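Whenever a hint applies, use it, and build me the whole structure from the sequences.
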Amino acid sequence: MCLMISTSVGSIHKVGDSAGWTTIANVDYYHWALTKSFQLGDVIVFEYNPQFHNVMRVTHAEYKACNASSPISTYTTGNDSITIDTRGHHFFICGVPGHCQAGQKVDINVPRAPSVAPSESGSASPAPALTTEAPAPSNGATTPPLNMHLGWLLLLQLACIVFGLS
Numbered sequence: 001m002c003l004m005i006s007t008s009v010g011s012i013h014k015v016g017d018s019a020g021w022t023t024i025a026n027v028d029y030y031h032w033a034l035t036k037s038f039q040l041g042d043v044i045v046f047e048y049n050p051q052f053h054n055v056m057r058v059t060h061a062e063y064k065a066c067n068a069s070s071p072i073s074t075y076t077t078g079n080d081s082i083t084i085d086t087r088g089h090h091f092f093i094c095g096v097p098g099h100c101q102a103g104q105k106v107d108i109n110v111p112r113a114p115s116v117a118p119s120e121s122g123s124a125s126p127a128p129a130l131t132t133e134a135p136a137p138s139n140g141a142t143t144p145p146l147n148m149h150l151g152w153l154l155l156l157q158l159a160c161i162v163f164g165l166s
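Residue numbers for the sequence shown follow the UniProt record's numbering, beginning at 1 and rising by one.
Quick caveat, the hints were computed from the structure, so don't treat them as lab data.
Model, not experiment: these values are computed from the prediction.
Virtual Cβ for every residue (Gly too), placed ideally from N, Cα, C.
Below, a list of computed lysine-lysine pairs in the DSBU-like style, where the Cα atoms sit at most 30 angstroms apart:
{"no.": "1", "residue 1": "Lys64", "residue 2": "Lys36"}
{"no.": "2", "residue 1": "Lys14", "residue 2": "Lys36"}
{"no.": "3", "residue 1": "Lys14", "residue 2": "Lys64"}
Just the calculated beta-carbon pair ranges, DEER-fashion:
{"no.": "4", "residue 1": "Arg112", "residue 2": "Ile12", "range": "20 to 26 angstroms"}
{"no.": "5", "residue 1": "Pro97", "residue 2": "Leu40", "range": "29 to 35 angstroms"}
{"no.": "6", "residue 1": "Lys36", "residue 2": "Ser73", "range": "17 to 23 angstroms"}
Okay, here's the thing in structure tokens:
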């Protein structure tokens, strides 16, 4: 039953593609991130030599200043996989002195709102709204909202993961 309700897993993005997380390959991590479309559930993979680099998740202010003094989290394995589970910006730098200043930093952005599609007139129009309420049955009985059903499915999926039933 658990396999039947599993949802799709996000994409896997190796930071810097084949070059990885480094200062010697002259990777433009800003441009690299702009070419990606990050979504919730995506896995960001940092591959690097742990003798020379690390990965620190930092605030926006720390990212802009290349300040590694109080990171949100630090990764040091050389093969770190980080699942993006919230929308918005996720800032990462290398905490080795001089590396962030040399460009070893990346902003992973998961858009907060659905993207807008251009209309036939060329101007942007918002995506159609999705309804979360099911129509009322004709026999007068009430049906729980769709988001309540999805909540139960997600709870069941979480239980399957926790108890290893998938």
